[in-house]
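Protein chains: 2
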Amino acid sequence: MTVDHAARRARLAAALPELSADAVLVTKPVNVRYLTGLASSNAALLVRVGEAGAVLATDVRYIETARRICPDVEIVQERDVAGALAGRAAGARLAVEAHHMPVAEFHRLGDARGATLVPVSAPVERLRVVKDEAEIDLLRTACAITDQAFADVLPVIRPGVTEREIARALETRMAELGADKPAFDSIVAAGPNGAVPHHSPGDRPVRRGDLVTMDFGALSAGYHADMTRTVAVGEPAGWQRDLYDLVREAQRAGRHALRRGASAHDVDAAAREVIAAAGHAGDFGHGLGHGVGLEIHEDPFLGPDKPGRIEDRVPITVEPGVYLPGKGGVRIEDTLVARDDRPELLTKTTKELLVL
Amino acid sequence: MTVDHAARRARLAAALPELSADAVLVTKPVNVRYLTGLASSNAALLVRVGEAGAVLATDVRYIETARRICPDVEIVQERDVAGALAGRAAGARLAVEAHHMPVAEFHRLGDARGATLVPVSAPVERLRVVKDEAEIDLLRTACAITDQAFADVLPVIRPGVTEREIARALETRMAELGADKPAFDSIVAAGPNGAVPHHSPGDRPVRRGDLVTMDFGALSAGYHADMTRTVAVGEPAGWQRDLYDLVREAQRAGRHALRRGASAHDVDAAAREVIAAAGHAGDFGHGLGHGVGLEIHEDPFLGPDKPGRIEDRVPITVEPGVYLPGKGGVRIEDTLVARDDRPELLTKTTKELLVL
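Protein chains in written order, with this note's numbering: chain G, 1 to 356; chain E, 1 to 356.
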């Protein structure tokens, strides 16, 4: 499956009139990548209404790559990529990415360049919410690497190994399996550290009787996998098994609520109510999930106060957790794709409690 | 050596009057980390003139960590971290980080919170340019890991191994040696790919007769190492050896020009003139170097049009390159610390041409 970047740019251009703009200056790197295929830390793209083609600016470090992969786009070599493109839009009403462009950059471009800048909220992110099948296929690959790495690293998780060593083993195995790098900083939290949702893996060794939570994923071709599993090292205590079963039931409820047309609030509530009914409402302090794609966290977000409804072909995580300070915690997370009816599960590792 | 975060906050508070501000809202994550020690993707810090202490806001995922490592700071648990702190500054003239805060966030906070927002350019980055000895020590560690990984991976670089495999070997070895992760996406460019300064490592195998450029480094305790070496696989051709000698001579000239009081322009020129004199002015299209610390690219920058002068205790890279499209390239880069006189070299790998 190939990606049609020109079609994406055409969709963006078609949205400009309703944003009261003649053109849009895309400066957020991941959005430039979405619209051109170019991954660069210094690039910008000008997309205009009508017949005028797109213009891509980047600096000498990326110019050869840009010419190779964007043969159908006019390319400008310039270090001040935004300044160069704003200059090309003199006299136009030029939309800029208000959620990304720093206020100093907004003033610099507005003062100097003769275009009228129109701050617009996330014009490219809106297009990115619903994925095409080529993107979903890339996510399938990233999630398959993640599943396989977890299976391969399970034998490493035994008393004495440190959180950091487990994280490194997962990351090394993902790289061997073809990941470009980890999709985000891996979380490995053993025993009481499991009560910290975003614990950084440290030198604590795993002990018999620990629950160990691992939240990690592969980045592959720009797309991010995200999975969390909690395992028991040694036979779990009653409270540990009860906590696990509760979170697993909540996660199932969240997955089953995920379908086209469901509200972001209702999907969150389906899982949250299970946890609240068990008396743990105060121990699940974060949202239920988030979209994934070219960013690890992107629209839509699932939470009690999140707006909007789920659409078909939206990859998203479902990741309830219960955190008991001083004792530990459980989180279970899958990456799924919302569909018309049942979601497609991309992370396929078992959700049975693994006792190692 | 321990880090005195309170002293850093006091220096920031002392700078507020000249910025015409009563308080500053720090929202850039790496700056929050510099001032508190907390590494979080969602945290903000309020620093005020006078007796009022600092206030740190973060969400449930990081709150336990914040309480543990910042016992001397008032801590607020809130998802909207910037909104919560702006509310605490009602009536004040509140400096915000104009180079970081998105224009939409600037309008949101300004409209709703009763503080008068004052966009200020990089108030914390200014403090971060000159490092304390504890920071330089962390950079020494990151650079030592980088050197050792390079030495250990040299035997891997032989005909048939791919760019990607070399990058993975470097990254795995850095992790084994204690790195938290790579400081940036590693560059490995073999043969003609060496003409692309920021080439992404791919499936091209190394061939006898290639120059291979590797630009990589370790991230350790938040601090970034950055080193580039170019090696020859098999006996180099005359043009390859000449190119290497030229870049090496330019890099030496740049290092020797680096001292307290030198202008950023002059340090760049010292290296650039060597390359220009050999007829390659057009083949060195990027700046000579950049500061390193909690970010991989930070002030000061060395380039033909860069302002400012070098100070004592400023870690910085010196990295000239010559790139010949279709043929290949050479880049040689060290991380150094500018001192009163001779710079301190942190990356100690030989700059003799290694023929593998």
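None of these hints come from the bench; they were simulated from the model. The beta-carbon is built from N, C-alpha and C at its ideal position, and this holds for glycine as well. Warning: the hint list may mix true and false statements.
[As the list claims (entries may be wrong)] With a Cα cut of at most 25 Å, we get these calculated DSS-like pairs of lysine-lysine:
| hint | chain 1 | residue 1 | chain 2 | residue 2 |
| --- | --- | --- | --- | --- |
| 1 | G | K348 | G | K327 |
| 2 | E | K306 | E | K181 |
| 3 | E | K327 | E | K181 |
| 4 | G | K28 | E | K28 |
| 5 | G | K181 | E | K181 |
| 6 | E | K181 | G | K28 |
| 7 | G | K28 | G | K181 |
| 8 | G | K348 | G | K181 |
| 9 | E | K348 | E | K327 |
[Stated by the list, open to error] Coverage of chain G stretches by chain E, computed from C-beta distances (three or more under 8 Å per stretch; other residues unrestricted):
| hint | segment |
| --- | --- |
| 10 | 62 to 76 |
| 11 | 166 to 174 |
| 12 | 189 to 203 |
ask   = Holds or violated: K28 (chain G) with K181 (chain G), Cα cutoff 25 Å?
value = Satisfied, since the Cα-Cα distance of roughly 21 Å is no more than 25 Å.
inquiry  = So if I understand the rule, the pair passes when the alpha-carbon distance is 25 Å or less; does K348 (chain G) with K181 (chain G) pass?
reply    = Holds - the C-alpha atoms of K181 (chain G) and K348 (chain G) are around 20 Å apart, at most 25 Å.
inquiry  = For a C-alpha distance cap of 25 Å, please report whether K327 (chain E) and K181 (chain E) respect it.
reply    = Since the Cα atoms of K327 (chain E) and K181 (chain E) sit roughly 32 Å apart, the hinted pair is violated (cutoff 25 Å).
inquiry  = Tell me if the straight-line CA distance from K306 (chain E) to K181 (chain E) falls inside 25 Å.
reply    = violated, 30 Å
ask   = Counting residues of the segment 166 to 174 of chain G with a beta carbon closer than 8 Å to any beta carbon of chain E, are there 3 or more?
value = Per the Cβ count (3), the hint holds.
request  = Measure nothing beyond the straight line between the CA atoms of K28 (chain G) and K28 (chain E); if it is 25 Å or shorter, mark the hint as holding.
outcome  = Given that 25 Å is the threshold and the Cα spacing comes to 16 Å, the pair holds.
inquiry  = Check whether the Cα positions of K348 (chain G) and K327 (chain G) lie no farther apart than 25 Å.
reply    = Outside the cut-off at roughly 28 Å; violated.
query = Taking only the CA atoms, is the gap from K181 (chain G) to K181 (chain E) under or equal to 25 Å?
reply = holds, 10 Å
request  = Can you take a look at whether the segment 62 to 76 of chain G is actually covered by chain E? Rule is 3+ residues, C-beta closer than 8 Å.
outcome  = The restraint on the segment 62 to 76 of chain G holds, since 3 of its residues have a Cβ under 8 Å from chain E and three suffice.
ask   = Going straight from one Cα to the other, do K181 (chain E) and K28 (chain G) come out at no more than 25 Å?
value = holds, 24 Å
request  = For the pair we were handed, K348 (chain E) and K327 (chain E), check the Cα-Cα distance against 25 Å.
outcome  = Not OK: K348 (chain E) and K327 (chain E) at ~28 Å, beyond 25 Å, violated.
key: Coverage of the segment 189 to 203 of chain G by chain E (three or more Cβ within 8 Å)   = Three-residue rule met by the segment 189 to 203 of chain G, so holds; n is 6.
The structure fails hints 1, 2, 3, 9 (numbered hints given earlier, in ascending order).
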